[in-house]
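Work the whole structure out from these sequences, hints included.
Same order as they appear, the protein sequences are chains A and B. In terms of my numbering, the first sequence opens at residue 27 and continues consecutively. In terms of my numbering, the second sequence opens at residue 11 and continues consecutively.
Derived by calculation from the structure, the hints in this document are not laboratory data. Certain hints may be false.
Covered stretches of chain A, as calculated for chain B (at least 3 residues, CB under 8 Å) [stated by the list, open to error]:
no., region
1, 47-55
2, 187-199
Subject to a maximum C-alpha distance of 25 Å in a straight line, what follows is the list of computed DSS-like cross-link-like pairs (lysine-lysine) [stated by the list, open to error]:
no., chain 1, residue 1, chain 2, residue 2
3, A, Lys87, B, Lys39
4, B, Lys65, B, Lys39
5, A, Lys203, A, Lys326
6, A, Lys87, A, Lys47
7, A, Lys241, B, Lys12
8, B, Lys152, A, Lys47
9, B, Lys127, A, Lys62
10, B, Lys147, B, Lys164
11, A, Lys72, B, Lys58
12, A, Lys75, A, Lys37
13, B, Lys26, A, Lys241
14, B, Lys111, B, Lys140
15, A, Lys323, A, Lys235
16, A, Lys47, B, Lys65
17, A, Lys217, B, Lys12
18, A, Lys62, B, Lys120
19, B, Lys65, A, Lys72
20, B, Lys26, A, Lys47
21, A, Lys132, B, Lys65
22, B, Lys39, A, Lys47
23, B, Lys152, B, Lys120
24, A, Lys62, A, Lys132
25, B, Lys58, A, Lys62
26, A, Lys47, B, Lys12
27, A, Lys228, A, Lys217
28, B, Lys140, A, Lys37
29, B, Lys65, B, Lys37
30, A, Lys72, B, Lys26
31, A, Lys254, A, Lys235
32, B, Lys65, A, Lys62
33, A, Lys216, B, Lys111
By construction, the Cβ of each residue, glycine as well, lies at the ideal position given by its N, Cα and C atoms.
In case you want the letters, here they are:
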Amino acid sequence: MMVDGLNEQLKEFGHQTEVLKIPFLSCYPAMPAQMKAIRSFRISDKFDKLIAVRTPSYLIKHPEKVIWFIHHHRGAYDFLGTEYQDIPDTKSGRNIRSQIIEEDNKALREAEKIFANSREVQNRLKTFNHIDAEVLYPPLANNQFYCQEYGDFLFYPSRVVHHKRQHLAIEAMKYTKSNVKLLIAGQIEKKEMAAFLEKIIKVNGLFHKVMLINKWISEGEKVSFMAKALACVYIPFVEDSYGYPTLEAFSAKKPVITCMDSGGTLELVQDNETGFISAPDPRELANCFDQLYFDKKLAKRLGEAGYEKMKSMNISWEYVIRRLLH
Amino acid sequence: MKIAIVQNLNPFQSGKTEMISNLLMNKLKEFGHETELIHIPFVIQNEKELIRQLKTVQLLHLQTFFDKVIALEIPACFVRHSNKTLWLVNSASFFQELEKKNIKQSLIRKFISFSQKSIGSCSGLFVLSKIDCVFLKKYLEKDCEILFPISNQKEEWERVVKKLIL
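Here's what the structure looks like:
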């Protein structure tokens, strides 16, 4: 979404652009060979400038390389020692982790400029790679969001993977006392995850309270759901940036419920001002859900404050392009 | 089906390959497939680089992401995939360029052996023109079928797509 938006906007500003999509399997034994391939690409004579976004595209060499860094391969960095660590602590795992860090350090230092998509990611670059990056917030690709009403359902639009913690939002629905409902929309990447979520819904008899749309909904559908939602739930574990759902919710004047360990979202969401910051605990989350359901004026006030907060941060494509190119 | 259309990276050009890849992508989408266009950077800078870059292409991983690969150009077509079909555009000019570069015969032999191995495992080999057929036979000793959509009619593209994704 960020790359599509950037591509479109660069064209609007009169530049010739190409999006170079490189398939990359983030499964640790397969990573070194693919990294080697990306490192060997020769594109300097084809482009005046390279803007690298997703990891590890910044491994490509270019004399005028700018990196808009969105996250590391987190299993080798901040996820180490957590349940999300995807590289085992074995001799070969440690070896691959060292290769990833070494290659990242080399490639990052080749760049003319490095931007981070949030303070969270800026801090990670400083901590793990000793790199100073400037924060450059990504705007929405196409902002058509609006507010129609503060309805009876909470909307959680996102890719469905474990660290986005849709399971926690579903578990919270066990404890709600109101008639609030939860709508989760997004592609479930793994079959086991679909089974896991369905099991939570089934075991707790939440069919009437939780709806799960297992696909990428269209932009139009998302805009429409957001317009009618009571609030947006976005509770990832240590998210890289504020996350597009947060920005989309604020654009539609909807408050955002997030968690105190959700990382980048905390740069935008302020407790009791633009939404709620809850402990990552189903009962506490349920309280937040109920509070907004029972007091829709509060939902409106928080949502409108989120909208104003977002406007005050000057998150615009004009600014982004100026910083990336000059 | 999740399909990758693979071609060489030739930015800001709108030649035959771009026309074919865009048309094919739109038609595949029309027929209900999820399609992505993948560009593989490749430059024949010098002899040493040639084989190294061919090997680089093979290090890329497409297997997990796509059910099918349709490759349109040499050397992008050397990507590894268990269900790969080649519909080669401009293969004659690739070999002509290779001839012009006055590359050592031993290296050309290496290139040919590499290509034969890579192409040998594909599910189908199609080209757009007779001249491409002639060059593939001459260099890679491969027989291929000419596949050219003679119109933009739905039925005609159904025929083309059916051949490519079988």
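Checked hints:
| no. | hint | result |
| --- | --- | --- |
| 1 | 47-55 | holds (count 6) |
| 2 | 187-199 | violated (count 0) |
| 3 | A:Lys87 x B:Lys39 | 34 Å, violated |
| 4 | B:Lys65 x B:Lys39 | 31 Å, violated |
| 5 | A:Lys203 x A:Lys326 | 21 Å, holds |
| 6 | A:Lys87 x A:Lys47 | 16 Å, holds |
| 7 | A:Lys241 x B:Lys12 | 15 Å, holds |
| 8 | B:Lys152 x A:Lys47 | 31 Å, violated |
| 9 | B:Lys127 x A:Lys62 | 22 Å, holds |
| 10 | B:Lys147 x B:Lys164 | 31 Å, violated |
| 11 | A:Lys72 x B:Lys58 | 20 Å, holds |
| 12 | A:Lys75 x A:Lys37 | 14 Å, holds |
| 13 | B:Lys26 x A:Lys241 | 35 Å, violated |
| 14 | B:Lys111 x B:Lys140 | 24 Å, holds |
| 15 | A:Lys323 x A:Lys235 | 22 Å, holds |
| 16 | A:Lys47 x B:Lys65 | 19 Å, holds |
| 17 | A:Lys217 x B:Lys12 | 17 Å, holds |
| 18 | A:Lys62 x B:Lys120 | 22 Å, holds |
| 19 | B:Lys65 x A:Lys72 | 21 Å, holds |
| 20 | B:Lys26 x A:Lys47 | 21 Å, holds |
| 21 | A:Lys132 x B:Lys65 | 23 Å, holds |
| 22 | B:Lys39 x A:Lys47 | 18 Å, holds |
| 23 | B:Lys152 x B:Lys120 | 16 Å, holds |
| 24 | A:Lys62 x A:Lys132 | 13 Å, holds |
| 25 | B:Lys58 x A:Lys62 | 17 Å, holds |
| 26 | A:Lys47 x B:Lys12 | 15 Å, holds |
| 27 | A:Lys228 x A:Lys217 | 16 Å, holds |
| 28 | B:Lys140 x A:Lys37 | 38 Å, violated |
| 29 | B:Lys65 x B:Lys37 | 31 Å, violated |
| 30 | A:Lys72 x B:Lys26 | 19 Å, holds |
| 31 | A:Lys254 x A:Lys235 | 17 Å, holds |
| 32 | B:Lys65 x A:Lys62 | 11 Å, holds |
| 33 | A:Lys216 x B:Lys111 | 48 Å, violated |
When the structure is compared with the earlier hints, violations turn up for hints 2, 3, 4, 8, 10, 13, 28, 29 and 33 and for no others.
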